[in-house]
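Undergrad: The residues making up each chain are set out below.
There are 4 protein chains.
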Amino acid sequence: MQKTILDERQLDALLAEIFPQVATDFRVERLTKDGIVLRLCVGEKHLRPGGTVSGPSIFALADCAMYLALMSRIGAEALTVTTNCSIDFMRKPEAGRDLLCELRLLKLGRVLAVGDGLVFSEAEAAPVARASLTYSIPPKRSA
Amino acid sequence: MQKTILDERQLDALLAEIFPQVATDFRVERLTKDGIVLRLCVGEKHLRPGGTVSGPSIFALADCAMYLALMSRIGAEALTVTTNCSIDFMRKPEAGRDLLCELRLLKLGRVLAVGDGLVFSEAEAAPVARASLTYSIPPKRSA
Amino acid sequence: MQKTILDERQLDALLAEIFPQVATDFRVERLTKDGIVLRLCVGEKHLRPGGTVSGPSIFALADCAMYLALMSRIGAEALTVTTNCSIDFMRKPEAGRDLLCELRLLKLGRVLAVGDGLVFSEAEAAPVARASLTYSIPPKRSA
Amino acid sequence: MQKTILDERQLDALLAEIFPQVATDFRVERLTKDGIVLRLCVGEKHLRPGGTVSGPSIFALADCAMYLALMSRIGAEALTVTTNCSIDFMRKPEAGRDLLCELRLLKLGRVLAVGDGLVFSEAEAAPVARASLTYSIPPKRSA
Chain A
9 MQKTILDERQ LDALLAEIFP QVATDFRVER LTKDGIVLRL CVGEKHLRPG
59 GTVSGPSIFA LADCAMYLAL MSRIGAEALT VTTNCSIDFM RKPEAGRDLL
109 CELRLLKLGR VLAVGDGLVF SEAEAAPVAR ASLTYSIPPK RSA
Chain B
9 MQKTILDERQ LDALLAEIFP QVATDFRVER LTKDGIVLRL CVGEKHLRPG
59 GTVSGPSIFA LADCAMYLAL MSRIGAEALT VTTNCSIDFM RKPEAGRDLL
109 CELRLLKLGR VLAVGDGLVF SEAEAAPVAR ASLTYSIPPK RSA
Chain C
9 MQKTILDERQ LDALLAEIFP QVATDFRVER LTKDGIVLRL CVGEKHLRPG
59 GTVSGPSIFA LADCAMYLAL MSRIGAEALT VTTNCSIDFM RKPEAGRDLL
109 CELRLLKLGR VLAVGDGLVF SEAEAAPVAR ASLTYSIPPK RSA
Chain D
9 MQKTILDERQ LDALLAEIFP QVATDFRVER LTKDGIVLRL CVGEKHLRPG
59 GTVSGPSIFA LADCAMYLAL MSRIGAEALT VTTNCSIDFM RKPEAGRDLL
109 CELRLLKLGR VLAVGDGLVF SEAEAAPVAR ASLTYSIPPK RSA
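Chains as they are written, first to last, in the numbering used here: chain A, 9 to 151; chain B, 9 to 151; chain C, 9 to 151; chain D, 9 to 151.
Just so you know, these hints were derived from the structure itself, not from any lab.
Do not rely on the hints blindly, as some may be mistaken.
What the hints assert, rightly or not - Just so you have them, the derived chain D footprint on chain C, three or more residues with Cβ under 8 angstroms:
#1 64–74
#2 89–96
Unchecked claim - DSSO-like mimics (lysine-lysine), calculated; alpha carbons at most 27 angstroms apart, straight line:
#3 Lys115(A) - Lys100(B)
#4 Lys100(D) - Lys11(A)
#5 Lys41(A) - Lys11(D)
#6 Lys100(A) - Lys115(D)
#7 Lys115(C) - Lys100(B)
#8 Lys41(B) - Lys115(C)
#9 Lys41(B) - Lys11(C)
#10 Lys115(C) - Lys115(A)
#11 Lys100(A) - Lys115(B)
#12 Lys41(D) - Lys41(A)
#13 Lys115(A) - Lys41(D)
#14 Lys41(C) - Lys41(B)
#15 Lys100(D) - Lys100(A)
#16 Lys100(C) - Lys115(D)
Note that the coordinates shown come from a computational prediction; the quantities given were computed from them, not determined experimentally.
Even glycine gets a Cβ: it sits at the ideal position worked out from N, Cα and C.
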C-alpha cells in the first residue's frame with residue numbers, strides 16, 4: 009500500500025475544511041499500515057429510540073473512513089466520490105458508546121479505490137457492521 | 009404483493025411516532041402497487057458543499073422507503089431491522105431539489121424482505137442512485 | 009439511453025467469439041429500450057441436487073446480461089470488466105425451466121456503467137434473484 | 009466464534025456428497041480461528057481468454073468458502089442458502105495459478121450468518137477480489 013502523505017491531524021483539519029457540518033462527529037484515531045481507524049463521537053442526533061445508533065450514521069462512519077483513508081494516501085482530492093457501498097448490519101450497537109470503524113484499503117487504482125471496514129462499539133469484540141466501498145478518483149488535472 | 013394495511017397518512021404518523029428525529033425529513037408521496045414513493049424534503053443538514061445531497065442522506069431515504077413499504081404491508085413492526093444495503097451512487101443530485109425514492113418490494117417472506125429503489129432529483133429522468141435492501145422481520149409474538 | 013449499435017444476433021455472435029466456453033449457455037431474447045433480456049438455457053451443469061439452478065449460474069446470467077447490454081450500446085469492447093456485483097437470491101428457481109434476466113442500464117458513463125436486473129424462472133411472475141452490477145469501461149485507444 | 013465440529017477432510021467429504029458436480033474444483037486448505045481457507049483448483053472450465061479465471065468461478069469460490077465455513081461450525085445443514093453476495097473484482101487473477109479464498113465468519117446468528125473473504129492468486133499478496141455473503145439458516149426441525 010502507498011505511504012501516507014497526510015497524518016491524523018491533517019486529516020481532521022481536511023474534514024473540518026471540506027465537510028464542516030459533520031467534522032465534529034468524526035475523529036481520526038490512527039492511521040494503520042493499510043488504512044485508518046475512525047471514531048464516530050456518538051451524540052443525540054445519531055441515535056434511534058432505545059439509544060442505538062442509526063443505520064445512516066453507521067453508513068456515514070464507514071463512508072468517511074474510506075474517504076479519509078484515501079485522502080491519507082493520495083492527498084486532498086475533494087472530488088473523489090463514493091460510487092458503491094454494500095453494508096451489512098449485524099448487531100445492535102451498544103447504547104451510549106462511540107463507534108469505531110477499522111477500514112483497510114484493498115485497492116488503490118488509477119480510477120477506482122476499494123476498501124472495507126468493520127464497525128465496532130468501543131471496547132466490544134463483535135462487529136456491529138461491515139461495509140465495503142468503492143470510490144471513483146477523478147483524473148489528474150494536467151498543469 | 010400483499011395488500012396495503014396502512015395508508016400514506018398512517019405511515020407518516022408511524023414515522024413521526026417511531027423516528028421523531030427524522031420524521032419531518034420524509035413524506036410519503038404515494039403507495040404503489042408493489043411499493044412506495046418517498047420524498048426527502050432536502051434541507052441544510054442534508055447538503056454538502058456545492059449544494060449536493062450527502063451520501064448518508066440518500067442512504068437514509070432508501071432505507072426509510074424500504075421500512076415504510078414494509079410497514080404498509082405487514083403493519084407496524086418496529087423491530088424490523090435493516091440487515092443489508094447495497095447502494096450505487098450514479099449522478100450528482102441537482103442542487104436545491106427534493107429527492108424521491110421509488111421503491112418496490114421484491115420479496116416479502118416470513119423472515120426476510122427484499123426491495124430495491126431508484127432515487128431521483130425531483131423532475132429529473134436519470135436516477136441519482138439505486139439501492140437494494142434486505143430487512144429482517146422478527147418472529148410473531150404468540151399471544 | 010444510447011441507441012443500440014449491435015442487434016440480438018450480433019450479440020450472440022460476439023459472445024460466441026469472445027466467450028466460446030459459455031456461449032451456448034446463453035441466448036439474447038431481445039434488446040429493450042434500456043437494456044436486454046437474456047436467457048440461460050439451463051442444462052445439467054447448471055443444476056444443484058433437487059433440480060435447482062446453482063448460485064454461480066444465476067450470477068453468470070446477470071453478469072452476462074450486463075455485459076451484452078453494454079456491448080449493444082458501446083460496441084464490442086472486450087476489455088470492459090465487472091468491478092462489482094451485489095446479488096440477492098430470493099426464491100428457489102423452478103426445476104427444469106430456463107431462467108431469464110431482464111436487465112436495465114441505469115448509467116452509461118465515460119468510465120463506469122451501472123445496471124440492474126431481475127432473474128425469473130420462465131413463465132413465473134415472482135423473481136428468483138436480483139442483481140446490480142458495475143462495469144469499468146477502458147479508455148478509448150487513440151488512433 | 010463457535011468451535012468447529014467438522015474438520016477439513018469431513019468438509020471435503022460433505023462437499024463431494026452434496027455438490028458432486030463441483031467437489032473436485034475445491035479443496036479445503038485449512039480451518040482458521042474464525043473461518044476457512046478454500047482452494048479453487050483452477051482448470052480449463054474456469055478460464056476466460058487470456059488465461060484469467062472467470063467472474064462466476066470467483067463467485068463460486070467465495071460462496072463455497074462461506075458455505076463450508078458455516079458447515080464447519082453448525083454441522084451439515086444442506087438447506088442453508090445464500091441470500092446475498094456483494095463482490096468486488098479488483099485485479100486480474102494470474103494465469104495458471106490456483107485461487108485461494110480466506111473467509112472469516114463475522115456473525116453466526118440464529119437465522120442469518122454473515123462472512124467476508126479475500127480471494128488471492130496463489131502466492132500473491134494483492135487480492136483479486138473481495139466478497140461478503142449472507143446465508144439464511146433454516147429453523148431446527150423439532151424431533
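Undergrad: All hints, please: hold or fail.
TA: Hint by hint, here is what the structure shows:
no.: 1; hint: 64–74; in the structure: holds (count 5)
no.: 2; hint: 89–96; in the structure: holds (count 8)
no.: 3; hint: Lys115(A) - Lys100(B); in the structure: 24 angstroms, holds
no.: 4; hint: Lys100(D) - Lys11(A); in the structure: 24 angstroms, holds
no.: 5; hint: Lys41(A) - Lys11(D); in the structure: 31 angstroms, violated
no.: 6; hint: Lys100(A) - Lys115(D); in the structure: 12 angstroms, holds
no.: 7; hint: Lys115(C) - Lys100(B); in the structure: 12 angstroms, holds
no.: 8; hint: Lys41(B) - Lys115(C); in the structure: 26 angstroms, holds
no.: 9; hint: Lys41(B) - Lys11(C); in the structure: 31 angstroms, violated
no.: 10; hint: Lys115(C) - Lys115(A); in the structure: 23 angstroms, holds
no.: 11; hint: Lys100(A) - Lys115(B); in the structure: 24 angstroms, holds
no.: 12; hint: Lys41(D) - Lys41(A); in the structure: 23 angstroms, holds
no.: 13; hint: Lys115(A) - Lys41(D); in the structure: 26 angstroms, holds
no.: 14; hint: Lys41(C) - Lys41(B); in the structure: 23 angstroms, holds
no.: 15; hint: Lys100(D) - Lys100(A); in the structure: 37 angstroms, violated
no.: 16; hint: Lys100(C) - Lys115(D); in the structure: 24 angstroms, holds
The structure does not agree with the numbered hints 5, 9 and 15 stated previously, though it agrees with the rest.
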